[in-house]
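Asker: Residues per chain are reported as follows:
Protein chains: 2
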Amino acid sequence: MQRTEISAYGEFGLIKHLTDKFKIQNESTLKGIGDDAAVLSYENKKVLVTTDLLLEGIHFDLVYVPLMHLGYKAAVVNFSDIYAMNGQPKQMTVSIGVSKRFSVEDLEQLYAGMELACKKYGVDLIGGDTSASLTGLAISITCIGEGEEGKIVYRNGAGQTDLICVTGDLGSAYMGLQLLEREKIVFAANDQAQPDFEGRDYILQRQLKPEARKDIIELLHEKNVVPTAMMDISDGLSSELMHICSQSNAGCRVYEDKIPINYQAVVMAEELNMSIVTAALNGGEDYELLFTVSLEDYDKIVTMEGIAIVGHMTKPELGLQLVGREGEEIELKAQGWNSLK
Amino acid sequence: MQRTEISAYGEFGLIKHLTDKFKIQNESTLKGIGDDAAVLSYENKKVLVTTDLLLEGIHFDLVYVPLMHLGYKAAVVNFSDIYAMNGQPKQMTVSIGVSKRFSVEDLEQLYAGMELACKKYGVDLIGGDTSASLTGLAISITCIGEGEEGKIVYRNGAGQTDLICVTGDLGSAYMGLQLLEREKIVFAANDQAQPDFEGRDYILQRQLKPEARKDIIELLHEKNVVPTAMMDISDGLSSELMHICSQSNAGCRVYEDKIPINYQAVVMAEELNMSIVTAALNGGEDYELLFTVSLEDYDKIVTMEGIAIVGHMTKPELGLQLVGREGEEIELKAQGWNSLK
Chain L
1 MQRTEISAYG EFGLIKHLTD KFKIQNESTL KGIGDDAAVL SYENKKVLVT TDLLLEGIHF
61 DLVYVPLMHL GYKAAVVNFS DIYAMNGQPK QMTVSIGVSK RFSVEDLEQL YAGMELACKK
121 YGVDLIGGDT SASLTGLAIS ITCIGEGEEG KIVYRNGAGQ TDLICVTGDL GSAYMGLQLL
181 EREKIVFAAN DQAQPDFEGR DYILQRQLKP EARKDIIELL HEKNVVPTAM MDISDGLSSE
241 LMHICSQSNA GCRVYEDKIP INYQAVVMAE ELNMSIVTAA LNGGEDYELL FTVSLEDYDK
301 IVTMEGIAIV GHMTKPELGL QLVGREGEEI ELKAQGWNSL K
Chain G
1 MQRTEISAYG EFGLIKHLTD KFKIQNESTL KGIGDDAAVL SYENKKVLVT TDLLLEGIHF
61 DLVYVPLMHL GYKAAVVNFS DIYAMNGQPK QMTVSIGVSK RFSVEDLEQL YAGMELACKK
121 YGVDLIGGDT SASLTGLAIS ITCIGEGEEG KIVYRNGAGQ TDLICVTGDL GSAYMGLQLL
181 EREKIVFAAN DQAQPDFEGR DYILQRQLKP EARKDIIELL HEKNVVPTAM MDISDGLSSE
241 LMHICSQSNA GCRVYEDKIP INYQAVVMAE ELNMSIVTAA LNGGEDYELL FTVSLEDYDK
301 IVTMEGIAIV GHMTKPELGL QLVGREGEEI ELKAQGWNSL K
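Listed in order, the protein sequences are those of chains L and G. Counting along the first sequence from 1, when you hit position 266 you're at 266 in my numbering, and nothing is skipped either side. Counting along the second sequence from 1, when you hit position 313 you're at 313 in my numbering, and nothing is skipped either side.
Since the hints were made in silico from the structure, they are not lab data. What you were told as hints is all true, and nothing was included just to trick you.
The list treats identical chains as one, so a pair stands whether inside a single copy or across any two.
Only pairs whose alpha carbons sit at most 25 Å apart, straight line, appear in this in silico PhoX-like list of lysine-lysine:
1) LYS333 <-> LYS315
2) LYS151 <-> LYS45
3) LYS16 <-> LYS333
4) LYS120 <-> LYS223
Predicted, not measured: the structure shown is a model, and the values here were computed from it.
Go ahead and model the full structure; you've got the sequences and the hints to work with.
Answerer: Below, the structure written as structure tokens:
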């Protein structure tokens, strides 16, 4: 495979080369890459801003993550934060730090993934920074989106009888990660080993190429449902429930048998002798939406595909309870992923 | 000195601890830290967005850069990009990656510097990301600002007879860096050596604690001068002139004896046997403003303190010329700092 050294381009040449294919798709983008700052127009909308820093060895392992997938995922996880405010992502900036290990072709793969995400979700690349790094790859993305006055959904609006809803299924991305980690160890011991990925495509895709729930935000909009509180599930359901409960000054009851779980994830958990419920509660990286709606919206929600009602909010003094399959109550604790621990 | 391990806080605890002192100063900040995204209101203004990634060992050396200064500088260089669009910085997000080498007290210093910059320039901290890093410190800042319709200044508007103006003086930050590098080597050879910084406070301050030219943007506004093109000088005057000339499809003539240079920088350059003009043209990190104005504004500009007219734009076929002290013409080449070379 061809290898072009990054030093063959200057900084500005490299940026131009990598970003040329990105097309501007939004009217709100007045000026993108190429000046001291980008210029946006958000006259009748609120501006939403979110940011993420991804570091090699902490957030991703290039042994099993293809660079194109990494680029796609790095963009999509930021879009997910904007959807979680009931907004629409519109622009993003991308800064990267790259060590000498990486070639121009590597970065082309990374940016191809980001471009795919931008096209699919209608987001414009408007700026960034490209620099050398002493070790590995660093990716910092900031996403800007629009929200409508009165329709923006925070974490602090859940009422004490509201229904708790979850999209898609939980724990699959975590089981996909466990599979990849296992195969990495197998491969390290025997480099002739072929990875055993048959019938596991779903959990792999959930880990390597997650999607943001744009479809759900559009569906809720169509059906005229505005959640009372919402966030995306990136650190595990338990951790996110704690944020919503503490910011809304409420408690919650979640029913174990209502938590949506995919069959492949169950099989993988059994094979690895792990608890799939623990994975669903604490696994992280699902990028599904957790939201609450008032009881009045029950009839609408119950007919919507891809949304599960997993419990309800309570008074704060009742705490955060998980109700097990036998009716037993367990206090929920956030044990989600934390790079600083 | 006390050392608290970062792991003693969780991610959310750490963010709260570090950002508690930052006060919201702008009406446009509807919601800052604490949700999936921040919420801003920019109804009658355009939104400006700029971003920077700073990596230890590439962009800064903690052997001689105090963390408080680093925090201040990291924020200010982003504000400078917003001023360079004739805008006002209003919000910023800060993401950091930190290795185990750093304590909570270290991060307190870093954030104290950023807080000082935010207070001085009226900018709100609205979000970010805090993560572990395998090696060293990574800082990614995105700054959001406001610009007025019709008053935003790009790089591409310079007319072919416009005057070229520069604020402050150039090359001092680079000479400050050279001094710090020299003292680092002296100290490595003899750790009892005391750094020789007497009478060099100005060039050190220019390197360690630069300011953004908010004052100049306000002065121009007061005098009703809207530059035709503008950018900040972060990579050296030559490199920035090339951007303005190529984007404005014009050439330029800059006069060596008009380039503003500080006395301490001249002394330092002589001592190190370097050319101060080369430092001014290619040194970088000055964070002064380079802008062009139409000839009609000559009378206004010439009376303004802190602004030097260093030359004028020309037809593109005349190229980029530096006119030396003896009247000789030298073609300008960008040799500014480039981490990717």
